[in-house]
Each structure stands twice: as C-alpha cells, then as structure tokens.
Amino acid sequence: MADLPGAEGDISPDEFRRRAGDLVDWIARYLESNRSHPVLSRSLPGDLLRALPDDGPEGPEPWENVVGDVDRLLLPGLTHWNHPRFFAYFAITGSAPGILGALLEKALNVNGMLWRTSPAATELEQRVLAWLARWVGLPPTTFGVLTDTASISTLCAIAAAREAALGAEGRARGLAASGKRLRLYRSDESHSSVEKAALLLGIGQDGVRVIGCDAAYRLDVDELRDAIAEDRRDGWTPFCISATAGSTSTTSVDPLAAIADVAESEHLWLHVDAAYAGSAAIVPELRTLLTGWERADSIVLNPHKWLFTPVGCSVLYTRRPEVLKEAFQLVPEYLRSDVGATDPTEPPASVGHLRESAAAAAPAESPSDHAQDGPIDYMDYGIQLGRPFRSLRLWFVFRAFGRAGLETRIRSHVRMAAELAAKIDAHSDFERLAPTPFSLVCFRYRPGVGDNSGDGTQLTRTDEDRWATLNERLLSELNASGEVFLSHTRLRGRFALRFAIGNLRTTDADVAHAWELIQSKAASLGAPTTSGVVSRS
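My numbering runs 925 ahead of the 1-based position in the sequence shown.
Please note: incorrect hints may appear among the correct ones.
[Said to hold, decoys possible] Below 20 Å or equal to it, Euclidean Cα-Cα: the simulated EDC-like pairs (lysine to aspartate or glutamate) are: (1) K1446 with E1402; (2) K1446 with D1350; (3) K1031 with D950; (4) K1250 with E1210; (5) K1348 with D1263; (6) K1446 with E1397; (7) K1250 with D1263; (8) K1105 with D1073; (9) K1031 with E1094; (10) K1250 with E1402; (11) K1348 with D1433; (12) K1121 with E1155.
Hints listed in this document are in silico derivations from the structure and should not be mistaken for laboratory results.
Using the sequences provided together with the hints, build the complete structure.
The structure is reproduced here in structure tokens:
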C-alpha cells in the first residue's frame, strides 16, 4: 500500500495506527447498527466470485479501497451471526471484549505449542480454564485444553477413550491389529461430530451403536444397558458412551447420573457433549440440570456458543489427562523442550516478586494446576501442533463481565425463551414440540391445534407431510424477510422450527418483533387442505 518502504517491510506504525483506528470505528458502527442488515444473506451462488478479479493485485492498493470493498462486496454476502435477531442454529456473540481479545491475540501472533514457546500463553490457558471449571461446578482436579471447535474436542476425547481401551498395543499396532471390534454408544439426538470422530479414528460407522430416546429426547438408559450386554455377547468391545447435555435439535439433557452409573459399572469411557448447555451451569438453578456430568471422563464446552466469545474457542475438559496425553504425545527431536532450556523453576529477578505475590493470592488448589509435574506442553494433549493464544479471548470476556455478569446474561436468555414458549403454548395455531430447558424453543405452525401441550398428537403420514410443507414455507418466508433468521430440525418425523436465543444484544423487543412476524407470516399462509394446497386467509 502507498506507504510501503520500497518492496520490503511492513507499513509504518503511524500508518497502522490510522488504519487500525479506522477499522475499530468501522467495527463499532457495525455492532451498533447491525439491525439494519438483512440477517440472512440474499446473495446468489457466484455473486462474489463474479465481482472479484481473476488475479490478485500486482502492487499495493489504497487502504480506503480495501475497506470500501468490505462494505460493497463482502457485507451483502454475509449472514450476520452477530445480529440480535439471529435465532438459527445456536445464536452466538462476538462480544466487544472478545473481539478486542482476538485482536490482541492476532497482534501477538504467538504459537503456544510448548510451554517455552510462550509461557504466558500456556499458563493463562490453565488459569482461565480453571476459573471456568470452578464456575460451572466441575471438580478441582479437572484438566482443560482449548481447541477451535467441539468437533475437534470430541475427536480428541474419543481418541483418549480408544487409548484407554487398547493401550500400548493399540498405539503401536493400530486398531485392526488389536483384534478388537470397538463399539461406541450415542443417542439418536447426539451431534454428528461423534460419528465423524468414529470415522476418523478407524472405528467406523458399524462401530457406532445408536440408542433411542425417551419422550423428552433423552437417551434411554435401559436400552443402553441392553445394547452393551448384547454387544458383549456378540464379540464387540464396548469402550465409550457419548452422552449429551443440551442436544442440538432440542437442547435436551440425557440422564447423566444414570449414564455415569452404567459407564462405571461397565468400565467404559464417558464423554459428555455440553458444547451448548455447559455454559448454563454458571447459573446455579440451571446447573442441577447437568447433575452427573462431573463424573464424565471428558466434557466439551464451547465458550463461543454461549459465553460471548468469538468463534473458534472450544474447551475439552477431562479428569484423565494422562490418558489424553498418552493418546497424542509424540515428540520429535526438533520439538524437545529440554535441550538448551533454562530452569523454569528459577524466574528472572524482575518477575520473581510477581510470582511470589500471585502464589500468595491464589487458591490452595486450582483445576489444571497439578495435572503433571513441571510446565505443560499443550501440544501433547491434542492433534493440533500450532496453537494460537485463544485464552486471551476468554480472559478479556471473563474480566469484562465477571462470573456474575455472565450468569445474569444467560439467565436473561433463558427467561426470554420461557416467555416465548408460554406464548406458543397459549396460541391455538401453534404447537411446541419439545421441552424448553434452556434458551431454545422448538415449535411449528399447526392451525387449530387448540390446547397444545407438546404431547405430539398422532397424525397420519400424509397429515405430517402437509404440516411439514406448510412450516417449510413459513420458515422460507420468515428468513426471506431479512428481519429474522430461524433454522429447523425434525423431531420424530415432525418438521420443527428452532428459535434459539443467545446473542448478547438480543432484547425482549427483538423476540417480541420476531413473534409478531411469525404470527403474521403464518396467518398469510392459512392452512393446508386435503389436497395439500395451502389456502390463504
């Protein structure tokens, strides 16, 4: 760009200040005014590709042109996940403190693969994950490690479960050579990442047994026990149960304590997917919904889902870090940290007083502090070698809001969802299709359903197809409006709209506006006739 020193070097610090200031102002305006954007992008396939040149720029371009193209080219092609009326999937927030933490993370640009490659990155990760573990009620010896997504956290957890089942022989010779047919158990409401992990780890889809759910979409423990017994008789080696705390379709919570009893009696690894609902355990009255998860061997919790942290921040907790380490530790010569290293137990004099004062102020025991002797090399606890300074995002969010602030905000989202659920229950033309334990409401438009308690009145397949078609049209019209964005699922064959509340900037007025829009669009569709044609009122 214009001030580059010849063909080498970076832009000057003064130019960086100017451009960074411009960009921060742009971000602030975007966060302040993002209700003015359509929530769901209206772009057609190929729109941006056609607008961008085939070749990249040969030389520097003016900074103003770059920022201008963000508005002109990129914004129209974005679905605005940070929008207060984004109610699809799981609504998320890149909060202002989290954005600033991510900015600093990128500016420092460290790689925390080893303790020595950035000691502060490793130790801040230990500390903020210790805070979070304490806030959600996990045992003080819980060990935590940050990854980018729940899919990677789940992959690492099931790899540890495989390690526990096969041991050194499996590590050396592989799954096929072990002669064991491993079996993993999940519910029919669990996330697809569980099965993907089984594919990647050589367990295969045949090695995953799907267990049915009860009327509240929770794993059936009796069916689980029977399946394990049957598999043992048939020569399978059960090794892992994946339970869910806050399922993707309905946010239902499996009976975790009962499942933990089964896992312990059968000597199986218990993994709990709490990517969404784990954050809710910060709220005391919601923590009881997760009773039993503290007995799990591994847990995944995503701060980027409901702790207002920018996307790319997932936590894997485990009470068996030594097994996780056995599953992944592989140290080539070029990554040995004991060669030419200074003694980490002897800090420089300039920081010695800081360590002494911190030690005096710290609790007697904190999660993650005593998982091993000496510094932690986080590369040993997962598949990723390169590790950005993700804990900065959490540190900024936690310090900006505090535990009490996070609790208040999550409780507010749950309240808004409960109030919306009550309105749906009271409406003669809408039917709620699942319990609402947290901040997700699953429902459908079904004119004339009357008093709807979510009992799932039996309809014929033809009837269900008609209602599904009607609700698909309703969803399409809602999202095409640009005013809201909802997603869908299917619950026992019934097409359901999902209304997820979780954005930090969502207000009661946003939810009220969305509910009015839903009713208005639904009324314009009318009801399906016996021929399947929708009659408009």
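Outcome of the hint check:
Our distance criterion of 20 Å between C-alpha atoms is met by K1446 and E1402, whose separation comes to about 7 Å. A distance of roughly 18 Å separates the Cα atoms of K1446 and D1350; the hinted pair therefore holds under the 20 Å criterion. Restraint check for K1031 and D950: the C-alpha separation of about 18 Å stays at or below 20 Å, so the hint holds. Between K1250 and E1210 the CA atoms are separated by roughly 35 Å; this puts the pair beyond 20 Å, and the hint is violated.
Annotation: proposed proximity of K1348 to D1263 is violated, straight-line Cα distance about 63 Å (limit 20 Å). Between K1446 and E1397, the direct Cα distance comes to roughly 12 Å. Compliance with the 20 Å bound is thereby established for this hinted pair. This hinted pair checks out: K1250 and D1263 have alpha carbons roughly 18 Å apart, not beyond 20 Å. Using a Cα cut-off of 20 Å, the hinted pair K1105 and D1073 is violated, with the two alpha carbons roughly 31 Å apart.
For a cut-off of 20 Å, the pair hint linking K1031 to E1094 is broken: about 41 Å separates their Cα positions. A C-alpha spacing of about 50 Å is found between K1250 and E1402, which places the hinted pair above 20 Å, so the restraint is violated. Restraint check for K1348 and D1433: the C-alpha separation of about 13 Å stays at or below 20 Å, so the hint holds. Between K1121 and E1155 the CA atoms are separated by roughly 24 Å; this puts the pair beyond 20 Å, and the hint is violated.
Hint violations for this structure: numbers 4, 5, 8, 9, 10, 12, all remaining hints satisfied.
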